[in-house]
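Enquirer: Same order as they appear, the protein sequences are chains A and B. Going by the numbering used here, the first residue of the first sequence is number 474, and it counts up by one from there. Going by the numbering used here, the first residue of the second sequence is number -2, and it counts up by one from there.
Quick caveat, the hints were computed from the structure, so don't treat them as lab data. Note that the structure is predicted; figures quoted are calculated from it, not measured. Please note that a few of the clues may not be correct.
In the DSS-like style, the derived pairs of lysine-lysine whose C-alpha atoms are separated by at most 25 Å in a straight line are [claimed, not checked]: (1) A/597 / B/2; (2) B/2 / A/600; (3) A/698 / A/954; (4) B/51 / A/954; (5) B/2 / A/833.
Chain residues, written in single-letter form:
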Amino acid sequence: MDELTTTLVDWARGQSALTAMYHWLFVPLTLGLSVIMSICETIYFKTGNDEWKRITKFWMTLFGVNFAIGIATGIILEFQFGTNWSNYSWFVGDIFGAPLAIEGIMAFFLESIFSAVMFFGWNKVSKGFHLTATWLTTIGASLSALWILIANAWMQYPVGMKFNPDTVRNEMMNFGEVVFSPVAIDKFFHTVISSWVLGSVFVIGVSCWFLIKNRNSALALKSIKVASIFGLIAILLTLYTGDSSAKIVAKVQPMKLAAMEGLYEGNTHQAITAFGILNPEKKYNNDDDPFLWAIQIPDGLSILAYRKAGAFVGGINDLIEGGYEAETIKGEKYIMPSMEERMKSGKLALNALAGFRQAKSEGNSDDMAKYQEILEENYPNFGYAYINDVSQTIPPVDIVFYAFHTMVLLGAYFLLFFIVMLCVYGRKNPNPHRYRWLSWVGLCSIPLAYIMSESGWVTAEVGRQPWTIQDVLPTFASISKLSTGSVQTTFWLFLILFTVLLIADIWIIIRQIKKEDFDKSATQDHNESY
Amino acid sequence: MGKEKTPFLITVFRFYRDGFRSMTIGRTLWAIILIKLFIMFAIIRVFFFPDFLKTKTDSDQDKSEYVGNELIQRNNTNN
Chain A
474 MDELTTTLVD WARGQSALTA MYHWLFVPLT LGLSVIMSIC ETIYFKTGND
524 EWKRITKFWM TLFGVNFAIG IATGIILEFQ FGTNWSNYSW FVGDIFGAPL
574 AIEGIMAFFL ESIFSAVMFF GWNKVSKGFH LTATWLTTIG ASLSALWILI
624 ANAWMQYPVG MKFNPDTVRN EMMNFGEVVF SPVAIDKFFH TVISSWVLGS
674 VFVIGVSCWF LIKNRNSALA LKSIKVASIF GLIAILLTLY TGDSSAKIVA
724 KVQPMKLAAM EGLYEGNTHQ AITAFGILNP EKKYNNDDDP FLWAIQIPDG
774 LSILAYRKAG AFVGGINDLI EGGYEAETIK GEKYIMPSME ERMKSGKLAL
824 NALAGFRQAK SEGNSDDMAK YQEILEENYP NFGYAYINDV SQTIPPVDIV
874 FYAFHTMVLL GAYFLLFFIV MLCVYGRKNP NPHRYRWLSW VGLCSIPLAY
924 IMSESGWVTA EVGRQPWTIQ DVLPTFASIS KLSTGSVQTT FWLFLILFTV
974 LLIADIWIII RQIKKEDFDK SATQDHNESY
Chain B
-2 MGKEKTPFLI TVFRFYRDGF RSMTIGRTLW AIILIKLFIM FAIIRVFFFP
48 DFLKTKTDSD QDKSEYVGNE LIQRNNTNN
């Protein structure tokens, strides 16, 4: 890669990262808050207690603000596919397009129809119908996420397709395999359930602010109780799905797992790093120690990845050199090929594509069949044709390692957080004045939940570098032939647009929170809309 | 005489009309949504994010040709 192209790829990657990360500031709150407001309304439906209706309406308002401001921010990623990543976009069109189209239709029908009933329908439709609309809005939001995550999972683990050298596109052969890929299923549950954690922390944090200000205590304490129980269930499920994610990553993207752990030389009985500071001098081809300081748990990574203390976990250098026995996601054993072997195979695949096209232009069907066979045989390594140096296959270890460990540590923190919140505020007649410090902890934990959530995405996306499609297409083959300046311009444009939207979101949410007067709302006409 | 039943579509129309009319914070949010969509689709999409392959050619055959050449040449530049 020449310097100019590297700069172009970096700016385009930066732009995609910026868009995805800003988009992800809105989405998890929408997903988390939607379930909590649905639970609150269910309690109202069951008990008929008007307080729960007012609690539901309060959280529904904040959901509405966040939903409205965040909506469509992800579409910008689709603009970028067509402009910045046109090779990629053409290469995957059919497969990537189908889930995104379903997402668009589903989001439109479920969310827009039922959210209208949810916002406009209080006292106009029956309680049961309203509750159904609220839950369907919640389900619609999660299903929208499902299709996006299926598309993303396919990039991490491309299955269910066949490459057509004639059209230079991957064509979907098995929709079920794409939708029910273990990576997609796991990614969906891990992402959506971790968003419930963020939603719960947000509800607790805002409620704690009310307690600090000595306002709306009834709303705050009831909300904390619901969010603590829900958050505790969510964090336990997040830990469970996170554990199965690691197991899948070990088989599908072993280089990502090695980077997550800062692991260069793998071993049997491989320890897992609980905390650590990476040695910045460490490179794959020197003998420096990977850590300046670390606390490790013996056998931990072998157990996490393969459920066996004695299992071998490959490190970065093992993956470069290959030659050890590994296992596919289907449990089949194979010998890990070296990077050099993969690069050779990738070049065979790409040369076969060139040969196929040449034979086609000459009308030589025998040669076309011959080259197609070579291409198919070597296609799983197609992307390695673009690798010049094995170092290009290593993701930025420091970013991936710290993002992963930040996510895990904050996950552990939130497990404790929900337990403490539930123990203190879940009791009958709790005394918030006595635990003012805890209310401050609750409030200050809101940004930590966002850091945890974003760290998860950084681990997943930076960890799969250099691939846009795992092993099949690297970023530097996916990029369009654009000027770096044009990508820089749109980068700054998006930064401004998203920052304005984020400020608007935070400002309106804070205004709504400050405005809330729970006692006064009891005497107000419930026909009042949003 | 029994009360005449309002047709379903009119009921739906009134439901939405009344809902939009009685909005409070919703008005601000709709304004933000519309401004945002305008900026995204009428400015950013049109002026900054053209369909790159469409700027090269219109037919799918030519697009395949273009991307195929790109992928093969990208490899040559890269080596």
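Enquirer: Please name the hints from earlier in the document that this structure breaks, with their numbers sorted from lowest to highest.
Expert: The structure breaks hints 3 and 5; every other hint is satisfied.
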